[in-house]
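Chains A and B, in that order, give the protein sequences.
Counting in numbering that gives the first Met the number 0, the first sequence runs from 0 upward without gaps.
Counting in numbering that gives the first Met the number 0, the second sequence runs from 0 upward without gaps.
Don't read these hints as lab results, they were simulated from the structure.
These figures come from a predicted structure and were not determined experimentally.
All residues carry an ideal CB built from backbone N, CA and C; glycine is no exception.
This list has only true hints and no planted wrong ones.
Residues on chain B that point at chain A, a partial pick, calculated with CB under 8 Å:
no., residue
1, 146
2, 163
3, 165
4, 180
5, 194
6, 195
7, 203
8, 272
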Amino acid sequence: MVRNLNQSIAMKHQDQPVPPEKRIRVAVLSVVKHDYLPRAVATHPRFELVVAADDEAQPAWVHERNQAFATEFGLPYVRDVQRAITEFKPDAAVISSQAERHCDLGVRAANAGLHLILDKPLSTRLDDCVRITEIVRQRGVRSLIWNRNMLPALLHAREIVRRGDLGRLHAVHCDFYFSKDAGPPKGSRRPGDPPIDWMQRQIEAHADGSDGGVGIQPMGELQVEGIYPLAYLRMLTGTAVERVYALTTSHFHQAHADNHVDDLATVTLEMTGGVTGSLCLGRIGAASHPDLGEIKLHLLGSRGAMVINESRPEVAVYSRNQSPNEFKHVRIADENDFLLMDHFADAIDTGADTLLDAAAARDIAAVVDAALSSARKGCPVEVRRF
Amino acid sequence: MTLRLAFHLPDPDRQTHQRLAKRLPNLCVIDDWTEADAVATHDADVAAQAVARGKHLLLHPPAFEAAADLAPVCADRNICLMPAHEWRFAPSILAVRSALVAGRLGQPGLIRIHRWIDARGDAGSAAIDCLPEIDLVNWMFGAPPTSVFAIRHSSENPHFIQIHLGFRKGGMALIDIARGLPEGDPYDSFSLIGSTGAAYADDHRNRQLLFTGGPAAAPRVGQGSTPALGQLKAFIDAIRSGSAPAVGVSDTIAAMRVAEAVRSAADNRTAHAVDFG
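The following block holds chain A by itself, in its conformation from the complex (with noise of 0.2 Å):
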């Protein structure tokens, strides 16, 4: 449904062609994961895809999966990031790669003057995270981390903030539950079978666009997932936070379990200027919910509080025969994709910040950090600043 209209938002554009100087020419570096990120940026009339490109040392279901899309999209595939970056000459790079590698494609694309559409999170290491925000400072391009800050009710939800009807916040809250299946339950792993190879069931799970987490690191659910709800959190206070107490287990999966991640976590955050918040996320099962999962915002202000479920608005559709893992509730009128990617190219035009760039993904990754080794000391942790 998403798809669709995006390229009904797209057609209508195309009664006011883009002019060639004004199309920004986007190489596709890697998409093995969330293939919705080159798709967007394909569907917005002032982007054009033009190369799809990776590491010709990367495994062979990689480039598999890069030359389907290639192919799909008509795109030439090249087997050597350089070597497209040089030929193609493209203005701008997707990434959506393992996660583990996002830093080293996007260092290696800002170092070319490209500006960086990358798929969350930015990395799984911190470190990584500095390195490519201080690159993009340095070469000067944009970057636009994936995110659904554009969804209808987040624009509601702002829309509300900005207009003072809440008065100074006070305390932000986000339950950010995807109900999806990740695998066979926790518990059910029999004695003497071997543990869960996190990358195969990566593998498997993109079948279903559950791979989020895909790449040699296992990952929680705080790294693959943490960023959306602390995007919201970001743009509705305009705070940063200090200092974290978080909880984590593996409750649902016997992947996350055997691999020691979490695909359950409970975060308090201590913000700037005495806003408090909390997070509660996790990948919590299929059978949890009818829809996408249970996202829902909770704020509250010196005036006012508000209660904002995500997914509105939305149709319920019921049937005979319907799929069980059909959701019950269709989202509508969501623009997330289309709006990102207008304000991605505004951004280059203009030279602004965009509203979720490598420094601010940077930020978010150090709250996720405090937040893992909050959880294994057992104690409150302070939030790395920069």
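Knowing the structure of chain A, use the given hints to seat chain B on it.
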């Protein structure tokens, strides 16, 4: 046999409970608690006197602090002593509890509670300010927490506390209690995420739309007096059957001990590992 029941509570609670009690069979509501078979009271002195006279007791806050002293006396004399944890009898909570007990939700992993009231809301004594929420999570997890962290809000908004609890087997709870809504409706939300299912009891779902010009209002569909009635029924049933009441003194004491740990954690802005035995 008709049971004589008296309510020694402040108005309007007393009148509300008297009215509800009349819906229960074989129950006679009287005014003089000294003549009753069973007494519901918030007064610790009255509670002690009632127990001394052999009367069954539904103990309301703020008299919870007398519960520990009263419990052995009641046990010796076969007196039913039930702390009034009315919050457990809210239909929304009972629906979640029912799903949990039936095994539909699996092992509880996370409980999230929001309780927002307006600035006029009755704070109650400090001792019971967060007691309902702590009791609910203890009840659902089946044991008190093993770690406690809490923060109060800034001096700009002192009527706020956020409580972060850890339980055995990785369970966790996040509770925020805020007293500062504009005058009007409160807001309650209780969600439980379990290993095989989840339940969401959220006021957000229980709103209707009211169009009277301008933006629509969303009046709340309340749960009425069903919690108080359910609690009363549970108390009477325990008396008649001679079985343990639905809420025991140990539940209250456990919640109070956790609440004390919460206050300490909030005062010190640090996390405590706790062992409540």
